[in-house]
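Enquirer: Here's the letter readout for the chains.
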Amino acid sequence: MKSLTKFMDSFGAILLAIIWISPLLFAFWAATHSTSDAVNLNLFSPWTLENFRVAWAGAPWLKYFINTFMLVTVILIGQFVLTTLAGFAFAQLQFPGKDYVFILVLMQLFILPEVLIVENYAMISRLGLFDTILGVGMPYMASAFGIFLMRQAFKGVPIELHEAARIEGCGLLGILWRVYVPLAKPTYLAYALVSVSTHWNNFLWPLIVTNSPETRPLTVGLSIFGAPENGVDISIISAATLMSVAPLLIAFLIFQRQFVQAFLRAGIK
Amino acid sequence: MTTSPFVKLDGVAKRWNGQLGVEGITLDIPEGSFTALLGPSGCGKSTTLRLLAGLELPDEGKILIDTKDVTTSAASDRNLSMVFQSYALFPHLSVAENVVFGLKVRRVPKKERLEKLHRALEITGLLGLEDRKPGELSGGQRQRVALARAIVAGQRLCLMDEPLSNLDAKLRNAVRKDIKKLQRELGITVVYVTHDQTEAMSMADTVVLMKDGHIQQVGSPEDLYSRPNNTFVAEFVGAPPMALFQSSVLEGFGEDKTIGIRAENIQIVPRGEGRMRCTVNESEFLGAETLIGLDHAGAEGLCVLKPGLSLMAEGNEIDIMFSDENLHVFDAVGQRMVG
Chain A
1 MKSLTKFMDS FGAILLAIIW ISPLLFAFWA ATHSTSDAVN LNLFSPWTLE
51 NFRVAWAGAP WLKYFINTFM LVTVILIGQF VLTTLAGFAF AQLQFPGKDY
101 VFILVLMQLF ILPEVLIVEN YAMISRLGLF DTILGVGMPY MASAFGIFLM
151 RQAFKGVPIE LHEAARIEGC GLLGILWRVY VPLAKPTYLA YALVSVSTHW
201 NNFLWPLIVT NSPETRPLTV GLSIFGAPEN GVDISIISAA TLMSVAPLLI
251 AFLIFQRQFV QAFLRAGIK
Chain B
1 MTTSPFVKLD GVAKRWNGQL GVEGITLDIP EGSFTALLGP SGCGKSTTLR
51 LLAGLELPDE GKILIDTKDV TTSAASDRNL SMVFQSYALF PHLSVAENVV
101 FGLKVRRVPK KERLEKLHRA LEITGLLGLE DRKPGELSGG QRQRVALARA
151 IVAGQRLCLM DEPLSNLDAK LRNAVRKDIK KLQRELGITV VYVTHDQTEA
201 MSMADTVVLM KDGHIQQVGS PEDLYSRPNN TFVAEFVGAP PMALFQSSVL
251 EGFGEDKTIG IRAENIQIVP RGEGRMRCTV NESEFLGAET LIGLDHAGAE
301 GLCVLKPGLS LMAEGNEIDI MFSDENLHVF DAVGQRMVG
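Chain order of the listed sequences is A and B.
Using full-length UniProt numbering, the letters of the first sequence correspond one by one to residues 1 to 269.
Using full-length UniProt numbering, the letters of the second sequence correspond one by one to residues 1 to 339.
Keep in mind the hints are simulated off the structure, nothing from the lab.
Small disclaimer: the values here were computed from a predicted structure and weren't measured.
Each residue gets a CB set at the ideal place from its N, CA and C atoms; glycine is no exception.
Treat the hints with caution; some may be incorrect.
Stated by the list, open to error - Taking lysine-lysine and the PhoX-like style, the derived pairs with C-alpha atoms no more than 25 Å apart in a straight line are:
#1 A/K155 to B/K133
#2 A/K185 to B/K104
#3 A/K185 to B/K62
#4 B/K8 to B/K62
As the list claims (entries may be wrong) - Cβ pair distances, simulated, as ranges:
#5 B/N173 to A/F252: 49 to 59 Å
#6 A/I159 to B/S94: 47 to 57 Å
#7 A/L249 to B/S94: 46 to 56 Å
#8 B/S94 to A/V81: 45 to 55 Å
#9 A/E214 to B/G135: 31 to 41 Å
#10 A/F252 to B/S94: 24 to 34 Å
#11 B/E282 to A/D99: 50 to 60 Å
#12 A/P247 to B/G135: 44 to 54 Å
#13 B/K133 to A/F263: 20 to 30 Å
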C-alpha cells in the first residue's frame, strides 16, 4: 500500500512534469527543424538553425530585449523602494488609521489588474507617460503583495535590534537601511524572482500602452512578429519564442539552487 | 566629588493603558557607581531601565543625566550604551562591524574607529574573532561582543538588562566578575537590571529593590540584608531567605507583628533549652554546610545552617535558640519597626 502511494506520487510528479514541459520541448523541436519536418514530427529529419537566423532578422529583437530588461529593472527598483517604505510603516510605525489603510492595501490583492486597464490607461496618458517604459511599469510599482511581504519580513525582525540601533544613534531611516533591509535580504531575493518573471512575461498591459518598437517589450514584439497577418510559420515563431524565454530560462537553470533556497529562507527565517 | 548625582529620576511614572508600570520612582545614582535594579518579574525594573534609556517616555516625572534634563530626549541623544538580555547583535554584521556600529552611525573617522575597536576587543578578550558572524560565536562570546559594543564609544553611562540570564551558571559567575572589573577599571556608571539577588548583591554598590512598580528599598547590599525595610525585602534578599513568624509565637512581642530571623542566627540546642520547638521537614546538603528546613505553626521558611554534612531525619523534633538582637520586627503591614 505504502509503496503504491509512493509510486503514484512519483508517477504523478513525472506526468505533470511532462505535461508542463511538452510545449517547450515541442517549441525546441520545431525551432530546430524545417516547418514541414516539425509538423510531421519526422524524427530523422536534419537539424537546422536557419529558423533562428530568419526570426532574428525579422524584428528588432535586441531592442525588445533591452526594453524588457529596462522594464523589469525599473519595476523592480520602484517596487523595492515603495514596498520597503510602506512595509516598514505598516510593520513598525504607529499612525492613526494604520489598520484601515493596511486593509485597503490588502484589498488591492482582490482586484484583477485587467479590471483597471482603462483607468490606468487614462492616468498614464494624463501623466504624459504614454508609450514610455516608465508608463508600462508604473501601475505595478506599489504592489500590494510586495508591501504585505515586506511587512511580514520586517515584523519578524526582533525589536531589540531596532532598540539597539536607536540607542547607537540611528534615525528611523538609518535603522531601516542598516538593520531591516539587510535582514530581509532573502525576502527581497524571493520577491525579485517573482516580480521579474511576472513582468518579463506580462503582455496585455504593455500591448496597450506601447505603440512603437522603441518601447515595446519582448512579449508584445513576439506577438506582433507571430501575428497571422504575417503568415504563420510554426518553426520561425518557435525560434522567436525560444529566444525570448531563453534569458529567463538560462538564469533559472544557473541559479536554480539559490532560487529554491531563497524561497525556503524567506519562509523559515 | 560633585554633590549633584550623575543620574537622577524624580517621581517618574509610566502606566500601560491604565495598568501600573512604575510609579513614583525617585532615585539618585552617583557617577561611577554600580546600581542594580532588583525584583521579581513584572516589578517594573526593566521599565525603569527603558525609561532611563529613552526607549519609553514617562507619563510623569523627570529624568536627568549629567544635570541635563533628558525626560523627552531621543535615546540616541542621551549618551549612553545598553546591553540587552538577548544581546541584540546584528546577525548580518561581523563582530567588528557590530562593535563599531554606533561609531559608524555617528560618523567617527575610520582611524579613530579602528583604534577604539581594537581597544574594546582587547578589553573584552575578543581579538581574533573580528570577522566572525554572531551566529558562529558561543553564548559567552556573544555576550562579550555586546559588552564590547557597549564600551567602545566610551559613554559614561551603561545600562544592562539582565545580561547574564542566557548564560550557564559557571559562565555567569566568571562574566559577573569580568563586568564588575570592567566597570571599576573604566570608571563608568552602570545600571544593571536583574531578578537574581545573588547577582545584585555580589556586584552592586547600591541595590534598588522593586515590587509592583514601586521601590521597596534603596541601599547597599549589607543594608538590604541586615536591615530590610519590610517583609518583602526580608524574604527576597538572602539565600536562604529570612524566616518570618507571627509575634504571638514568642513571648514579649505582643500580637499582630511579624518577626524575622536569618538562618545563620539560629542555633540548635538540647531539648528543653530552646525558645521554639520545631519539626525537621527537609535536609539539604549544600557542600560546606547543610540546610535544615523546619516546620513550626505560625512560622514560614524557618531553617538552620549546620556546618559540614549533618543531615537530620525528617520528622525529628528539635529545639532552637536565638537572641533578641538578631530579630527583625515588622509591624502589622510589614514595615520595619525602629530598632
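Enquirer: All hints are to be evaluated individually against the structure, with a verdict given for each.
Expert: We went through each hint and held it up to the structure:
With a CA separation close to 22 Å, the supplied pair A/K155 and B/K133 stays within the 25 Å bound. For a cut-off of 25 Å, the pair hint linking A/K185 to B/K104 stands: about 21 Å separates their Cα positions. With a CA separation close to 41 Å, the supplied pair A/K185 and B/K62 exceeds the 25 Å bound. Restraint check: the Cα-Cα separation between B/K8 and B/K62 comes to about 8 Å, which is no more than 25 Å; the hinted pair holds.
About 55 Å separates the C-beta atoms of B/N173 and A/F252, a value consistent with the hinted range of 49 to 59 Å. A beta carbon spacing of about 23 Å between A/I159 and B/S94 contradicts the range 47 to 57 Å that was offered as a hint. Under the hint 46 to 56 Å, the C-beta atoms of A/L249 and B/S94, about 37 Å apart, miss the expected range. Look at B/S94 against A/V81: about 28 Å separates their beta carbons, and that is not inside 45 to 55 Å.
At about 49 Å, the CB distance of A/E214 to B/G135 disagrees with the hint of 31 to 41 Å. A/F252 and B/S94 have their C-beta atoms about 32 Å apart, which keeps the hinted 24 to 34 Å range intact. As the Cβ distance of B/E282 to A/D99 is approximately 55 Å, the hint placing it in 50 to 60 Å holds. The hinted window of 44 to 54 Å between A/P247 and B/G135 is violated, with their beta carbons roughly 35 Å apart.
Checking the proposed 20 to 30 Å range against B/K133 and A/F263 shows it holds: the Cβ atoms sit about 22 Å from each other.
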